[in-house]
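> So for the sequence shown, the UniProt record's numbering puts the first residue at 1; every next one is plus one.
Calculated directly from the structure, the hints in this document are not laboratory data.
Mixed in with the good hints there might be a few duds.
Unchecked claim - Label pairs and their in silico Cβ distance ranges:
{"#": "1", "residue 1": "Thr221", "residue 2": "Asp165", "range": "16 to 26 Å"}
{"#": "2", "residue 1": "Pro134", "residue 2": "Pro157", "range": "18 to 28 Å"}
{"#": "3", "residue 1": "Leu67", "residue 2": "Asp127", "range": "27 to 37 Å"}
{"#": "4", "residue 1": "Met41", "residue 2": "Ile79", "range": "49 to 59 Å"}
{"#": "5", "residue 1": "Met90", "residue 2": "Asp127", "range": "29 to 39 Å"}
{"#": "6", "residue 1": "Pro156", "residue 2": "Lys196", "range": "13 to 23 Å"}
{"#": "7", "residue 1": "Lys161", "residue 2": "His200", "range": "46 to 56 Å"}
Said to hold, decoys possible - The calculated lysine-lysine pairs, modelled on PhoX-like cross-linking and capped at a C-alpha distance of 25 Å, are:
{"#": "8", "residue 1": "Lys170", "residue 2": "Lys135"}
{"#": "9", "residue 1": "Lys48", "residue 2": "Lys99"}
{"#": "10", "residue 1": "Lys135", "residue 2": "Lys162"}
{"#": "11", "residue 1": "Lys196", "residue 2": "Lys207"}
{"#": "12", "residue 1": "Lys170", "residue 2": "Lys207"}
{"#": "13", "residue 1": "Lys99", "residue 2": "Lys40"}
Every residue, glycine too, gets a C-beta built ideally from N, C-alpha and C.
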Amino acid sequence: MARKNSEAIAPGVATGAQGAPKQKKPKKTRWYHQVFQAYKMTYERDRKVPWIMLAVFAAILVVAIGLGLWWGQVIYMTIIGLPFGLLGAMFILARRAEKAQYATIEGQAGASRAALGTIRRGWSFDDEPVAVDPKTQDLVFRGLGRAGVLLVTEGPPNRVKKLIDAEQRKLGRVLSGVPVVVVQCGNEEGQVPLPKLARHVQKLKPKITKAELSEVSKRLTALGRMRMPIPKGVDPNRARPDRKGQR
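Please model the complete structure; the sequences and the hints are all you need to start from.
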């Protein structure tokens, strides 16, 4: 009777070895769905993007047809020009989409960490900031690569200097002779704009070997255990200074 009831409750549902219903695998997102989503997101901030894509596609196709007329092979060059035109339009969409994404997160706390997340190789970054000023919401993020230890700041140069100096003193206690590179993210003079941050970091020249990199990583891990950790998922917008500590 129990078996009949279970079959009546969930007819046609595949069950596992213990009778539990199997979960359906999530459908994979097709590439054209991703392209459409990127186009939709970009169009919300950049109304010119369809016209620019169309102009690039038409320009490439016109060049292909012109070459076909010159060589006497119009049909062949038109067929060749179509995929190249689409490729050019997709390239424009990718660049405009990237610009729109940066415009969306610019000015928000942690925007520099999001930009650094686009670097796939050669660098590792902490998910949480290593230094936070809860009053001004200035942040310092830390990364490690062949160029040395990287400190990326968010905030005006005159304010983040205190955070940088404090973090450099901490690093100096455990890392001797390891280069510490400071990059200030922002739009003021001497700072690196958010859209150019990832490329700026990738251009830093290697100064330590892979063996030294591994040793520095271990020391940074030990340093993180010694200090009071910043709670995961901290929201700088809601952080408040400790009044008792100040007194």
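> With reference to the structure, classify each hint as holding or not holding.
Results of checking the hints against the structure:
1. Thr221 to Asp165: 16 to 26 Å: holds (23 Å)
2. Pro134 to Pro157: 18 to 28 Å: holds (19 Å)
3. Leu67 to Asp127: 27 to 37 Å: This hint is violated: roughly 51 Å between Cβ atoms.
4. Met41 to Ile79: 49 to 59 Å: Violated: the Cβ-Cβ distance is about 32 Å, outside 49 to 59 Å.
5. Met90 to Asp127: 29 to 39 Å: holds (31 Å)
6. Pro156 to Lys196: 13 to 23 Å: Holds: the Cβ-Cβ distance is about 18 Å, inside 13 to 23 Å.
7. Lys161 to His200: 46 to 56 Å: Distance hint for Lys161, His200 is violated at roughly 20 Å.
8. Lys170 to Lys135: holds (22 Å)
9. Lys48 to Lys99: holds (13 Å)
10. Lys135 to Lys162: Holds: Lys135 and Lys162 sit about 13 Å apart, inside 25 Å.
11. Lys196 to Lys207: holds (22 Å)
12. Lys170 to Lys207: The hint holds at about 21 Å.
13. Lys99 to Lys40: holds (14 Å)
Checked against the numbered hints above, the structure violates hints 3, 4 and 7; every other hint is satisfied.
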